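A.B. asks: Here are the chains, one letter per residue:
Number of protein chains: 2
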Amino acid sequence: MRLNKNLPQYKVVYEIIRKHISDGVYLKGDILPSENELCAVHQTTRPTIRKALDRLVHEGYIKKKQGKGSIVMGVPQGVGILSLSGTTSAVGQENLITEIIVKPEIRQWDTTNLAYPLLNDEEEFGCIYFERLRIMNKQPVFYDITMMPNINLRRFISRNLENKSLFNILRTMYDIEVTGGEQRLMAILADKKIQEYLNVKEGHPILHINRKLETSREGFFLYSQVYCNSEKYAIFGTF
Amino acid sequence: MRLNKNLPQYKVVYEIIRKHISDGVYLKGDILPSENELCAVHQTTRPTIRKALDRLVHEGYIKKKQGKGSIVMGVPQGVGILSLSGTTSAVGQENLITEIIVKPEIRQWDTTNLAYPLLNDEEEFGCIYFERLRIMNKQPVFYDITMMPNINLRRFISRNLENKSLFNILRTMYDIEVTGGEQRLMAILADKKIQEYLNVKEGHPILHINRKLETSREGFFLYSQVYCNSEKYAIFGTF
DNA sequence: TGACTCAACTTGTATTTACAAGTTAATTCA
DNA sequence: TGAATTAACTTGTAAATACAAGTTGAGTCA
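As they're listed, the protein sequences go chains A and B. For my numbering, count along the first sequence from 1 and bump the result up by 3. For my numbering, count along the second sequence from 1 and bump the result up by 3.
Note that these hints are calculated values from the structure, not bench results. All clues stand as given, with none of them false.
If chains are identical, the list can't say which one is meant, so a pair holds when it fits in one copy or spans any two.
List of simulated lysine-lysine pairs, DSSO-like, C-alpha gap at most 30 Å:
id: 1; residue 1: K215; residue 2: K68
id: 2; residue 1: K71; residue 2: K215
id: 3; residue 1: K31; residue 2: K68
id: 4; residue 1: K204; residue 2: K106
Note that the structure is a prediction, hence the values are computed from the model and not measured.
Could you put the whole structure together from the sequences, leaning on the hints where they help?
C.D. replies: Structure follows, in structure tokens:
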């Protein structure tokens with residue numbers, strides 16, 4: 004994993020500290036080295052360090068306290084409703100298995116259930132489509148459908164998505180970073196397909212999330228629909 | 004409405020521009036004055052202006068484009084899942100009516116359905132409790148229960164919450180700002196009480212949000228539970 | 001006319017410096 | 001001993017400056 008590919012310094016620092024937290028170098032409750040110490044370590048100045056820390060605060064990795072320091076909060080929980088981490092990193096990888104229901108393939112857009120209008124270009128390109136089932140502790144919890152425009156992503160179709168975060172693949176392989184997005188949440192009743200995949204009975208309430216994610220690549224959006232059995236695993240988020 | 008009560012400059016600037024956007028001084032699609040122009044207007048420097056703009060970007064009021072400028076996006080939508088605006092400002096005030104089901108009163112904490120453990124102090128103080136129903140276009144959409152510790156909030160019990168944002172009252176009357184929080188979302192089936200208030204039939208799926216909000220006052224948290232009929236109004240958020 | 005160049009904007013990143021304000025622990029003084 | 005003070009930390013805010021990089025439109029030249 005190479006860093007420093009023309010990334011601005013504050014992002015480099017952010018990535019390093021972030022990795023340290025998710026790798027357990029810093030544990031929950033620890034206090035990070037002071038900003039001045041981090042300046043020395045990373046050979047930069049406080050505004051740069053602070054910009055990196057701001058981002059970690061915003062995403063919930065740390066909290067800061069004036070006069071005290073930066074307190075490590077651990078890897079943020081939730082399914083990326085607010086933090087931008089993908090599903091994999093959000094709920095913790097320990098007991099999460101990803102099963103591919105439909106392998107990535109090129110097909111026509113399926114606009115049913117899609118809450119957002121497609122752009123003209125996107126419609127022309129066609130669509131890369133796949134479906135995944137996320138299983139936690141042997142219980143299926145998330146069933147999600149992802150669609151993205153079929154722009155030139157070399158070898159994407161043949162990549163193995165199991166146990167890997169889509170966001171990580173996009174970031175490390177294609178230099179595409181998810182920068183934001185919008186979503187609609189609603190409660191629905193499980194239909195036949197969802198009943199089957201999520202192993203619930205008829206009339207079971209399901210959390211339905213319809214998202215459009217925007218990326219660092221101009222005009223490249225991801226569309227995804229997540230169906231969540233929130234009975235055992237409520238969706239958790241900080242903001 | 005007085006500003007500049009020892010607020011840092013970047014927050015003052017943030018509040019001014021934010022108000023201009025929500026008041027329609029800047030409309031969706033407009034381009035804000037350049038950072039240098041804003042420096043001149045507010046008699047400050049770029050880092051300060053940029054810090055104010057960063058916050059507006061983060062909350063979805065504007066987007067920035069290098070070489071172009073800051074594009075106004077309008078008042079962010081959603082019910083404060085991600086932005087910190089309260090329900091009132093989030094869905095637009097036009098057709099929103101707030102009905103008080105239970106007026107603010109001091110009572111014991113009701114810990115059923117509360118997803119977060121209470122702190123010792125909070126339990127001792129007792130609790131200010133109220134229930135509200137939010138009606139949009141004559142349809143009840145949100146039913147929410149709010150509990151907060153009964154610390155010294157002068158005259159809060161007798162305040163009229165109708166058509167006023169709780170967040171605004173806290174901010175303007177008590178100088179308490181909501182700074183963040185956490186929440187759990189899940190889909191449930193409407194129980195008898197919810198069926199009645201939200202006017203839905205038995206077995207109707209409902210979005211249940213359990214939140215703990217933290218404020219600028221150390222140790223003062225708000226607890227709220229929101230039940231949302233997401234059939235007509237999906238919850239919308241940007242991040 | 002039409003394509004190209006370039007200057008004048010815009011925001012993005014980074015350094016340096018300064019002081020304010022909150023926290024902590026050692027030190028001092030009664 | 002024990003309370004109060006203080007010094008040495010921490011993060012928070014702010015200014016002044018510099019250059020990089022993306023966008024735009026006016027101007028030039030063929």
